[in-house]
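If you're matching positions, the sequence shown starts at 1 in our numbering and goes up one per residue.
It is worth saying that the hints were derived from the structure and are not from the lab. Hints are not guaranteed to be accurate.
Stated by the list, open to error - Simulated crosslink set (BS3-like; lysine-lysine; CA at most 25 Å straight-line):
no.	residue 1	residue 2
1	Lys105	Lys94
2	Lys108	Lys118
3	Lys118	Lys101
4	Lys118	Lys129
5	Lys118	Lys228
6	Lys286	Lys260
7	Lys108	Lys228
8	Lys118	Lys287
9	Lys287	Lys228
To be verified - For each label pair, taking beta carbons as the anchor points, the in silico distance ranges come out as:
no.	residue 1	residue 2	range
10	Glu71	Thr9	33 to 43 Å
11	Ile12	Lys45	39 to 49 Å
12	Lys235	Asp283	51 to 61 Å
13	Leu313	Lys270	36 to 46 Å
14	Leu277	Phe69	41 to 51 Å
15	Lys32	Arg232	38 to 48 Å
16	Glu128	Val76	45 to 55 Å
17	Arg220	Lys32	44 to 54 Å
18	Lys32	Met1	24 to 34 Å
19	Lys44	Ser124	23 to 33 Å
20	Gly68	Lys32	37 to 47 Å
In this text, all values refer to a predicted model and were calculated from it rather than measured experimentally. The C-beta atom is built at its ideal place from N, Cα and C for all residues, glycine as well.
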Amino acid sequence: MNFLIKIWTAFILDLIFGDPEKITHPVQIIGKMITFLEKKLYGKKGSFAGGAVLGILVVASTFFVMYGFVELTKIVKVLEILEIYLMYTVFSVKSLAREGKRVYKILKLGNLKVAREKLSYLVSRDTEKMDKVMIIRSTMETISENMVDGVIAPMFYMFVGGLPLAMAYKAINTLDSMVGYKNEKYAKFGTFSAKLDDMVNFIPARISGIFITAASYILRYNYKNAWKIFKRDRKNHASPNSGHSESAVAGALGVQFGGKVSYFGKEVKKPTIGDKLKEFRLDDIKKNILLMYMTSFVSMCCFSTIYLVYLML
Numbered sequence: 001m002n003f004l005i006k007i008w009t010a011f012i013l014d015l016i017f018g019d020p021e022k023i024t025h026p027v028q029i030i031g032k033m034i035t036f037l038e039k040k041l042y043g044k045k046g047s048f049a050g051g052a053v054l055g056i057l058v059v060a061s062t063f064f065v066m067y068g069f070v071e072l073t074k075i076v077k078v079l080e081i082l083e084i085y086l087m088y089t090v091f092s093v094k095s096l097a098r099e100g101k102r103v104y105k106i107l108k109l110g111n112l113k114v115a116r117e118k119l120s121y122l123v124s125r126d127t128e129k130m131d132k133v134m135i136i137r138s139t140m141e142t143i144s145e146n147m148v149d150g151v152i153a154p155m156f157y158m159f160v161g162g163l164p165l166a167m168a169y170k171a172i173n174t175l176d177s178m179v180g181y182k183n184e185k186y187a188k189f190g191t192f193s194a195k196l197d198d199m200v201n202f203i204p205a206r207i208s209g210i211f212i213t214a215a216s217y218i219l220r221y222n223y224k225n226a227w228k229i230f231k232r233d234r235k236n237h238a239s240p241n242s243g244h245s246e247s248a249v250a251g252a253l254g255v256q257f258g259g260k261v262s263y264f265g266k267e268v269k270k271p272t273i274g275d276k277l278k279e280f281r282l283d284d285i286k287k288n289i290l291l292m293y294m295t296s297f298v299s300m301c302c303f304s305t306i307y308l309v310y311l312m313l
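Could you build all of it, start to finish, from the sequences and the hints given here?
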């Protein structure tokens, strides 16, 4: 079966169904492997070396298992159905939109308490004292940031190295979400995973501004401002990658991200991203979600075109 048919089928399945909830997700298996190996490798203090071994084992095993499976599909053609399923699980477009819509619907009903609770599952910041505007802003920042690791990066690695490289990317992403923290427990042990995640998101984050600006143009959002803010504010973030997509979205929607936020009871003032052309409105969440969908479509079209050009060379 043609590679483009497989990846577009997987992409459309994600747009329709989102992450499978009743079937075992590959990321769950990767997560269990990380938990098992962490217990074996952490030791007494959690050294950098132990964390590096963990990262290498998880990523390498994920890649080579998927590589072997893809090779097997060339012999047993019926397994291509399972390959499409695995490709589908790499994408997170519908699931990211679903989480944003949940917060939107609860806010529309005026239930701030439940909205804070739902948001707490998506962000690490304190949500207990957030007002409506802060909930909207935090939801949009989360959607915008995750447009890289949930949308653009999986596509990028799928087109570069097929299912093996895309799933290896998801393994890195899962490692970062489980051990890549800067707290006392993972200060050394999680450094390798955190840095590896920064590395693999480097290119996808930087091309996100192009795709988001193009999507803004199609949707008749403020695409000129999206590009302007992307170029100006993409480095206004503690993460070397998160500010790229956030800045383009902030510019497209005319809002300002960053500012005061609380983590574990401690208030932090983040650098601002974007110009405050207007106040946050509830409908901005829906616009943000629509922009994410269009960005995913634009990205798929661009990557597919580059892939076809490469085949013709």
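Status of each hint after checking the structure:
1. Taking the CA atoms of Lys105 and Lys94, the gap is about 16 Å. The hint holds against a cut of 25 Å.
2. Our distance criterion of 25 Å between C-alpha atoms is met by Lys108 and Lys118, whose separation comes to about 14 Å.
3. Distance hint between Lys118 and Lys101 is fulfilled; the C-alpha atoms sit about 11 Å from each other, no more than 25 Å.
4. For the suggested pair Lys118 and Lys129, the alpha carbons sit about 14 Å apart, so the restraint of at most 25 Å is met.
5. Distance hint between Lys118 and Lys228 is unfulfilled; the C-alpha atoms sit about 33 Å from each other, more than 25 Å.
6. Simply put, Lys286 and Lys260 have alpha-carbon atoms about 23 Å apart, close enough for the 25 Å limit, and the pair holds.
7. Restraint check for Lys108 and Lys228: not satisfied, since their Cα atoms lie roughly 32 Å apart, outside the 25 Å limit.
8. For the suggested pair Lys118 and Lys287, the alpha carbons sit about 20 Å apart, so the restraint of at most 25 Å is met.
9. For the hint pairing Lys287 with Lys228, the CA-to-CA distance comes to about 19 Å; that is within 25 Å, so the pair holds.
10. About 20 Å separates the C-beta atoms of Glu71 and Thr9, a value inconsistent with the hinted range of 33 to 43 Å.
11. The hinted range of 39 to 49 Å is satisfied by Ile12 and Lys45, whose Cβ atoms lie roughly 47 Å apart.
12. Look at Lys235 against Asp283: about 29 Å separates their beta carbons, and that is not inside 51 to 61 Å.
13. Checked against the given bound of 36 to 46 Å, the beta carbons of Leu313 and Lys270, roughly 44 Å apart, stay inside it.
14. Restraint check, Leu277 to Phe69: a C-beta distance of roughly 49 Å satisfies the suggested window 41 to 51 Å.
15. Taking 38 to 48 Å as the suggested C-beta distance range, the pair Lys32 and Arg232 conforms, at roughly 43 Å.
16. Checked against the given bound of 45 to 55 Å, the beta carbons of Glu128 and Val76, roughly 53 Å apart, stay inside it.
17. Taken as a hint, the range 44 to 54 Å holds for the pair Arg220 and Lys32, whose Cβ atoms sit roughly 45 Å apart.
18. A hinted range of 24 to 34 Å holds for the C-beta pair Lys32 and Met1, which are about 30 Å apart.
19. Here the CB-CB span from Lys44 to Ser124 is close to 27 Å, well matched to the stated 23 to 33 Å.
20. Checked against the hint of 37 to 47 Å, the pair Gly68 and Lys32 fails, with Cβ atoms roughly 20 Å apart.
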